[in-house]
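Trainee: Sequence:
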Amino acid sequence: MSYKPQRIRDPIHNLIEFKANEFEDALWRVIQTRPFQRLRRIKQLGFSEMVYPGATHSRFAHSLGVFHTARKLMTVIEKHLGQENFVLSRSHHALAAALAHDLGHGPFSHAFEEVGRRLDLKMAHHEHVSNLLIRDSEVSEALNTLGSGFANDVANVINSAGPGNIYSAVVSSQFDADRLDYMRRDSLMTCTHHGAIDFEWLIANLEVGSIPSGVDDRP
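If you read the sequence shown in the numbering used here, its first letter stands for residue 7, the second for the next number, and so on.
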């Protein structure tokens, strides 16, 4: 089977490319699904445009940026571990999770979730809805072309309470792809300097290491 490369122009990352291989072709098909395309109409910062008129960016653009950032982080991990110790399947699960992590967001993003908490609406919690969409929708159909159960493995990465391994840390940790994208994207679109980071320098100098669990709680 032949695959076609795809490219998206992004205001933060310039070109976000999807390579001509089975894995990234499947992710491209995830992007074409109705649940993912719906994110074009979900504002990243809710009502913030009332104060910052430029803050009209979407969860769609953010999700693409998180995937792109996660792929850069995964390259650092592969370099650190070496090709013989790098687990490609775990990397693929984490990258797919990075792309799909915000699928369940409702109108105006977190502002909608606050309403949901007050009214006890389970379907207002984006983590819950994301889990449902990844496991049983057009999204799961696209992901499961990579193997039976692939979609469930992706959902499990997102649902984990914390980073269980170095791969899932790319999706959820104190230095994850989500934060690295929204800090830059929100700063640009609101025209503020809050959260500005030197992303290219960080990636170029990023190292992987081990620390004892709970080290942040020690005096």
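Honestly, the hints are just simulated from the structure, not real lab data. Misleading hints may appear alongside valid ones.
Claimed, not checked - DEER-style ranges, computed between Cβ atoms:
#1 Val121 to Leu87: 17 to 25 angstroms
#2 Lys128 to Gly201: 38 to 46 angstroms
#3 Phe92 to Pro113: 18 to 26 angstroms
As the list claims (entries may be wrong) - Pairs of lysine to aspartate or glutamate, DMTMM-like flavour, derived with a Cα cap of 25 angstroms:
#4 Lys78 to Glu119
#5 Lys85 to Glu144
#6 Lys128 to Glu144
#7 Lys25 to Glu90
#8 Lys10 to Asp192
#9 Lys25 to Glu144
#10 Lys78 to Asp31
#11 Lys49 to Glu28
#12 Lys85 to Asp159
#13 Lys10 to Glu23
#14 Lys85 to Glu55
#15 Lys10 to Glu147
#16 Lys10 to Glu144
#17 Lys49 to Glu144
Quantities reported herein were computed from a predicted structural model and do not represent experimental measurements. Using N, Cα and C, we set each Cβ at its ideal position, and we do this for glycine too.
Trainee: Hint by hint, say whether it matches the structure.
Mentor: How the hints compare with the structure:
no.: 1; hint: Val121 to Leu87: 17 to 25 angstroms; verdict: violated (43 angstroms)
no.: 2; hint: Lys128 to Gly201: 38 to 46 angstroms; verdict: violated (31 angstroms)
no.: 3; hint: Phe92 to Pro113: 18 to 26 angstroms; verdict: violated (40 angstroms)
no.: 4; hint: Lys78 to Glu119; verdict: violated (30 angstroms)
no.: 5; hint: Lys85 to Glu144; verdict: violated (34 angstroms)
no.: 6; hint: Lys128 to Glu144; verdict: holds (22 angstroms)
no.: 7; hint: Lys25 to Glu90; verdict: holds (22 angstroms)
no.: 8; hint: Lys10 to Asp192; verdict: violated (31 angstroms)
no.: 9; hint: Lys25 to Glu144; verdict: holds (21 angstroms)
no.: 10; hint: Lys78 to Asp31; verdict: holds (18 angstroms)
no.: 11; hint: Lys49 to Glu28; verdict: violated (31 angstroms)
no.: 12; hint: Lys85 to Asp159; verdict: holds (24 angstroms)
no.: 13; hint: Lys10 to Glu23; verdict: holds (11 angstroms)
no.: 14; hint: Lys85 to Glu55; verdict: violated (40 angstroms)
no.: 15; hint: Lys10 to Glu147; verdict: holds (20 angstroms)
no.: 16; hint: Lys10 to Glu144; verdict: holds (21 angstroms)
no.: 17; hint: Lys49 to Glu144; verdict: holds (22 angstroms)
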